[in-house]
Every structure is written in structure tokens, then in C-alpha cells.
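Novice: Here is how the chains run, residue by residue.
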Amino acid sequence: MARATSTQRKVVTTASAWLVGLLIFFPILWMVITSFKTELDAFATPPKFLFFEWTTENYGIVQERSDYLRFALNSIIIAGGSTLLSLVFAVPAAWAMAFQPGKRTKDLLMWMLSTKMMPPVGALIPIYLLFRDAGLLDSRVGLIAVLCLLDLPIVVWLLYTYFKEIPGEILEASRMDGATLWREIVYVLTPMAIPGIASTLLLNVILAWNEAFWTLNLTTSDAAPLTVFIASYSSPEGLFWAKLSAASTMAIAPILVLGWFSQRQLVRGLTFGAVK
Amino acid sequence: MNTALRVLLGTAVVAGFAWSAQAQTKLTIATVNNGDMIRMQQLTDDFTVKNPDIALEWVTLEENALRQKVTTDIATKGGQFDVLTIGTYEVPIWAKKGWLVPLDNLGADYDVDDLLPAIRAGLSLDGKLYAAPFYGESSMVMYRKDLVEKAGLKMPDAPTWEFIGEAARKMTDPASETYGVCLRGKAGWGENMAFLTATANSFGARWFDENWRPQFDQPEWKNTLDFYVKLMKDAGPPGASSNGFNENLALFNSGKCGMWIDATVAASFVTNPKESKVADQVGFALAPDNGLGKRGNWLWAWSLAIPAGSQKTEAAQKFVSWATSKGYLEIVAAKEGWANVPPGTRTSLYTNPEYLKAAPFAQMTLDSINSADPTQPTVKPVPYVGVQFVAIPEFQGLGTSVGQLFSATLAGDSSVDDALAAAQALTTREMTKAGYIK
Amino acid sequence: MATRHSRTRAHAAVAPSVLVLFLWMIVPLGMTIWFSLLRYNLLDPGNESFVGLLNYEYFLTDPAFFAALGNTLKLVGGILVLTVVGGILFALLLDQPFFGRGIVRLMVIAPFFVMPTVSALVWKNLLMHPVSGMFAWVAKSFGLQPIDWFAEAPLAAVGLIVSWQWLPFATLILLTAIQSLDQEQKEAAEMDGTPALSFFFYIVLPHLARAITVVILIETIFLLNVFAEILVTTGGGPGLQTTNIPFLVYAQALLQFDVGGASAGGIVAVVLANIVAFFLVRMIGKNLEG
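Residue numbers (our numbering), protein chains in the order written: chain X, 143 to 418; chain F, 5 to 442; chain D, 31 to 320.
Extracted from the complex, chain X is given alone in its bound form (with noise of 0.2 Å):
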């Protein structure tokens, strides 16, 4: 039986928690409300909170300016198709390292791990020929395998993590009701680490998402996501802050809104007294 919290305790807690939330939150609060500046309020000194010309002129003119929508639908084939396509290869590989370890099975893991170590800028040339050959430049099913690729040690780490958590006596109990793998992956295991499924779901479609160095060098314009719409507003000579912070208010809208679907997953947690 739970002692009742404090009310003092209570509101100390929503106030830090709320503080920190803001303080976190601010560069990108500030990027959104500049990208309703003109460029002139944009780096402004004193810096203008609420009182200026508030207008939608930079998003009109991105939205002029480039395609949106095809970026858009770009990132999310590129990110969501890598990202499910990880999730068929880590969910076995997973689940076999976390119930079923080895002597090797943290020397695999590091391995896994270490495929990951190329500093991209070193490998760009390799690839690109490769590419090239394959005939895969400028194409969706290219980056998603590279993405998938790139991404699957990170997959199968955070599953193997999560499915660590669960206590593998469930799923013995399980087999020994004469489940077979198939039913034991589907019903018994899935269900318990959906917060861990909806996380790393969650961090994996924002890395393929935000991913800018092989999507900028590996595509030109069929396959083009958003991060090479973001990269044409990047600097060039010229006022662009609040046109980039409009562009990039755009890109990681979707992301804002799958976040905050599968943070609710988070919210409703792993709770073992259920189970047992």
C-alpha cells in the first residue's frame, strides 16, 4: 500500500520537472518562433519574444521553393522502410542473444557494435563506388538498405537490452504450455516489451530520419529526403535563419507527431506486478 505523496513533494516535482522541460526545449521553442520573424527580426538585438511582426512569409516561400511533400514522403519510405526492415532482422537476433546467451554472445554484440566504427567521411568513396556499380545512386531501395544497415547494431542492441528486462521464466512457462516459437515471440513476448519495441521504434526512425551525411552524398533528386531540402537552405550567403528555422520547423514536424504517439506507449509502462 503506497504512502500518499506529499502535496509539497508533488509540487516541487512539477515545478523542476516542468523548468527542466522548458530549459531543454528552448533552442527548438526558439527556432519555431523565429521562423515567424521576418529575416530582419530574426537576429535582432535585444531579442524579440512575442511582441513583433508575427508572419507566415518564410514558410510560404519554402514551400515555393521546394518540394515539400516529395521530400517528405521520401524521409518517411527511407526512414520507416529501414527502420521495419531492421526490426525483421534484430527482433530473432535479439531475442536469441537475450534468452538464449552464449559464451560469445557479448564478443558478437561488441562485434555488432564495431561495424559502426568507419567514420563515415573514410568510407564515403567506397560506397560511392559501389553505389555507382550497383546502379543504386539516387535510389530509395539503396539508402534503405544503407540506413538498415547502418542502423541494425543500435537495433539489436536496445531490443536485446529491453528483452533482458523481462523475466525469462514467462517465457519458459510458455513453452512448457506447448507454445511454439512463432505463438511465444507473437503473444508472449511482444506484448511485454512493447515500451522497449516503441522506444527503440522511436530512436531508430529519428537516426534514419535525421541521418544527412549518406542521404546527402548517396542521392540527387528521386530519392532526395528531407535532410538535402534542410541542406539548401543552409547558409548561403544571405539572411536565412528564419527561412532555415521555417524549413526546419517542417521537417521535423512529422517527428514531433510520432513522438508523441509512441511516448504514450512509454507512459504506460512495464509493470510486472500485472504479469505476475
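Simulated from the structure, these hints should not be mistaken for lab results. Fair warning: there could be bad hints in the mix.
To be verified - Each computed EDC-like pair below joins lysine to aspartate or glutamate, with the alpha-carbon atoms no more than 16 Å apart:
1. F:Lys-278 with X:Asp-364
2. F:Lys-384 with F:Glu-214
3. F:Lys-81 with X:Asp-280
4. F:Lys-81 with X:Asp-275
5. F:Lys-281 with X:Glu-314
6. F:Lys-30 with X:Glu-195
7. F:Lys-237 with D:Glu-182
8. F:Lys-437 with D:Glu-182
9. F:Lys-100 with D:Asp-92
Starting from the known structure of chain X, fit chains F and D onto it as the hints suggest.
Specialist: The following block gives chains F and D in isolation, referenced to the frame of chain X:
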């Protein structure tokens, strides 16, 4: 067997029809995201109406990303682009390697002699034009007429560096956040090194002597850097070591700089009342000199080129010709006014009274461009071309590394002598590795 | 209890991932190693020649190499400390029930959503600029001299930006891990009157050990390759103060399209990362299993 053969043939025929019915040639154009290029993307109706069989696909990127993508593509023959936007740095190097198609089919009324001679020279090899200039710039002094007057001075049309130093120090008032001169300090071969190399030219310095030996250990470079660092310390804004073009533009437009020496294109930004608080107070002067025969201004042109080996050279040349023609300038003028016409490419623009009326900086821009000679950029002879850069492939890396060293002197992390010594060592090492110094 | 049958199943489950990653690793790695042994400049194609370890020699004897190495380690270390400590604190905070928890969670996670180059630009120009940035305005309002971040403390500035970007990652993972802490244990401790600090050190922290290890290992791999933020803010300067190994590879090799040099630099970076990972695993690796 027979049926299979028939099916195969039938498919081939159908495919053949489909292929020829697909008469539209798609041109993928890689371009930089400056205002003029972006404006062009909105104005292509005139071209597509005249050429309904050509479709245009734009890839717009920031300068460094663009350069990397385009260079990687052309060097590996990736074939991703049909028209490239490159600058006076790449053209000499790539033309020599045979990577660009010579532009000899630009049309009867193109009038290639109308191109400004300095720009044309920077884009040609052996008399053949390898890239058509879309936009040209030099550098000049932009100053606040009110602040100069308040300091009791009058800016000559062709000032000396000594005068600039004096004026800057007189105009500096940190209490009111007014700084006498704003100059580039951010590290980069196209950022601070573009400015410093051009300035060094006017101090009589050069990057290499005729045997490709770096010259940072010579008194001319020391004079340049000493002057620069002292000036910025006495009269420059804080944060100068990471200020590039954009940061200085923001500072000038919000009224914090007495003078700004930078690209001529900035003139249209600082005189635009929508973007500048001081739009009606700006005067222009030529980049300063020391009386040694070269002024401190540079030369740059963005131009359109066609990669060798392209299958679409005919369509590409049509586009290139249209985009850099006199007709295009008139289209821009009609839709957006003469002040927004891409500057610095054609002599005829600068004899057009309507342009001169709309752009008070036009004459100064023209004079600046004409006084820069990429084939003879320095007082002493040099084995390279390029005013604010050295047109060798190694320069991007070299310029950036040396730029970092010089930026550190502004930040107070390094003395001028140390930076020069390090630059000399670094450059000698790279040039030896690359095989220039035997 | 692992039967032979389940062992084979386990192997079959892991095999596809391993195979795919192996190919992904071996082909580019092989090419990179091969290129690193050549004098291969993209701008001079067709003129490649075998030069053995010359590229490595040049990279390792570069006067900037040790500075870059030091910066890399400093950057990774500093950001790890900030994000892990911050992540634990925020996870604890966000685990408590309070009004509007969902919104605050989203706010804390939001920095991860923004593209790194955009974050860097926003921080550099809208926040940190000593003349027109927000921090300068705050400092001046208190009568203090604004800090010229990128001249006086450039590595710290870059570290601050990257920490802000990665804090959500740590927070999210640690938060999800905290939520699996047994409610009953928590209540038992409360009833026993266990002081909060002991509860934290003896119950919560060990429970989070695995998650913390994962965060550290994954972040290290990413942080060793910080590049975009440096390119966009300082360009590696002033001097060499923000040049790390990937940036050195970029400036020394890629900028000049020296594929041989870039490949050699990449291999050196891989070796370095392996060394760092080795030490990390020695120190905290046992938390992964068990």
C-alpha cells in the same frame, strides 16, 4: 520456341515505341543555393515553353555540399548530373583534365564577347569557353556614410589600407556596439582565406613562388597578418574568429559595423530596406590597396558547365545558353526589377541605364571586377591562376588548414609569427607530398 | 535450459543479422583497406599506384594528429559524462507522476528530433553569438561580459551542443529501464524508511547498470564520429581546437579528394575506436549480461 521468340520480339517493339514516345529529355541541374539561382528556378517557364521536350530537375545545395557532390560525381563518372554549377576555382582544373564539354554551341545571338573579360578569362582554357558565367562578383568596401562623416573623414573612391585602418579605429565605439570594421575571420578556404589571400595580394604577398615554394616566411605575409590582427583587435567586433559572410552581413545590417569589406553581391543585401536597418546610409568604395599595384579585391563567378561524356549535351547547351543570355537578364528585370538581376557577367548590363539607376553599386562592382586579373593576381610572378585561391586541387585542404591557423590568431590563441611558421611548415609538407616541390 | 534444438534455433535467429552485417562490414572495409595502400586521388583517376603504408605515415605524422586525438577523447568523455548523468537525473524526474508529464517528456526528447546541422546552426548563431545571440543578451542583462564561445571555449561549445542533442537518447533509454523497476521493491523501501540516497545507490543504480552500459557504449561509437556539428560551427578551428579525428580525415584527405589518405585515416579511426571500446568493455562490459 517460336512463341517465345515472338513474345520477345513483340516486347522489344513495344519497348521501342515506349522509349521513343518518351521524348522528354530530363536535365538534372546541380546548383548552389544563392538568391540568384533560386530565383532562376521560379523563372524557367520561358525556357520550357520554348523547349517543350526538355524537363528540368533541380538539386539545390549549400556550396560546400554541392562542391563535394559534384566533384565526386564527375570524378567517378557517376553521371548523376547533366548541368553543373561550378566556380572559377574548378573550371581551370577540370577543363585541363578534359572533364568539361567546351561550350561552342551556345547559339548565334549569345554574344560571347559581351562577357566581362576578367570573368571570361577565368572560365576559359586555350581560348575556349568551358563554363558560362551566371553570376560574377568581386569584393569592395561598403561603409556607413553617417559614421564616416561623424568621424570627420571622407571615404575616397579608391582608399588605401592605411586610411581604412585609421577610419575604422576612429569609428569604433564598443559602448554603443559600433565596430569600425567587420571582416571575415571564420576558418575556411572560401571564408577567411578568400579575404586574406586577396588582401595579401595588395600587400605584395603570394602563396607560392615560381618553384612552388610557400611564401609564408616572407615579410609580405607577415605585414598582411600583422595589420589584419591588429585592426580586428582595435576595431573589430567580438566573435570575429567565427564570423563569415553571413555573420558579418547580419552585423552590418543591424547597424553594428562602420565598414565591411566583402563580396560585391552583399551590396544588394545591405541596401535592401526589408533586410537592412541602414539601407539608406551605405556608400561604396574599391577594395583598398597599398600602392603596390594590386588592390585587395577578389574575383569569383558561378557558372554552368556540362560534364564530358554526358549523353544530353545538346539539351544541356540549350539550357546553359538560355540561363546566361541577355534575354534571361531581361526576364528577371521584368518580373523582379533590375536590382535583382544577377550581376557581374555581361558588359552590356553595365551600360544599361535602367540597371545603373536601380543599382547604385553597379559601377563600383564593375570597376572591382575589371581590376581583378586571375591570370596575374599578384605583384610578383606566380605559377598559378586565381585571385583569392590557387587553382590547384590541393588548395581546398591547404586553404582550410591555413585558414584555421590564421583564425586562431584572431581568437588570441596564437601569435602571428607562430601561425605563419606553422602555415609554412604545413604547406611545404603538403606540396611535397603532392609532388609540386621536388 | 538450452537444449540442442533451441541452440540451433537461437543460431538460426541470429544468423541473418550476422550475415548481413558481415557483408556490410567486409566489403567497404576491404575496399577501404585496399585504397589506403594506394596513392589514389579522385581528381587524378587512372594514375593510382601502390605505395604501401605511405598514407598511414603521412596521417600519423601530421602535426595535427595528436591534437585531433586529444580532442576526440576529450569530446567523447565530456559528452558522455554530461549525457549519462543528465540522463539518469531526468529519467528519475520523469518517472515521477506530475501534471503534464507527457508534454514534458516530449520536450525533453525533442532535441533529438532536430537535424544535427540545424541544431548546430541554431546554437551557434541564435544562442551563442557574442553580439546577437540569446546568451549574450542574458549576460548583458546581468551586467556580465558575454562569452565568445567559439573563440574562448570552442571545444566546450561544440561539446555543449552535442550533449544537448544526445541527452534525449540517454534519457529515453534510462527512463524505459527505470520503469521496469519493481514497484514492490520501491514500496518496501519506503515502508522501511530507507533514505532516498541509499535507495538510489543501492537499488536504482544497479538496476540501471545494463542500460547505462548500453548508453555509454552506443553513444561512444557515435560520438567518436562527431563531424557535422564541427563542420558547420568552427570548421575545426580556431587553430586545431575543435579538430577531431574524423574532421582531420576530412580536412586532410577528403577535401582534396585524396581517397588513399582518407581511407588510411578511416582505418586509423577504426583502430582507435576499437581500442576505446576494448577499455570500455573491460571496465563496464560485465553489466551487459547477468
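Novice: Now tell me, hint by hint, if it's right for this structure.
Specialist: Here is what the structure says about each hint:
1. F:Lys-278 with X:Asp-364: violated (36 Å)
2. F:Lys-384 with F:Glu-214: holds (9 Å)
3. F:Lys-81 with X:Asp-280: Holds, at about 14 Å.
4. F:Lys-81 with X:Asp-275: Within the cut-off at roughly 10 Å; holds.
5. F:Lys-281 with X:Glu-314: Given that 16 Å is the threshold and the Cα spacing comes to 73 Å, the pair is violated.
6. F:Lys-30 with X:Glu-195: violated (42 Å)
7. F:Lys-237 with D:Glu-182: holds (15 Å)
8. F:Lys-437 with D:Glu-182: violated (34 Å)
9. F:Lys-100 with D:Asp-92: At roughly 30 Å apart (the allowed maximum being 16 Å), Asp-92 of chain D and Lys-100 of chain F break the hint.
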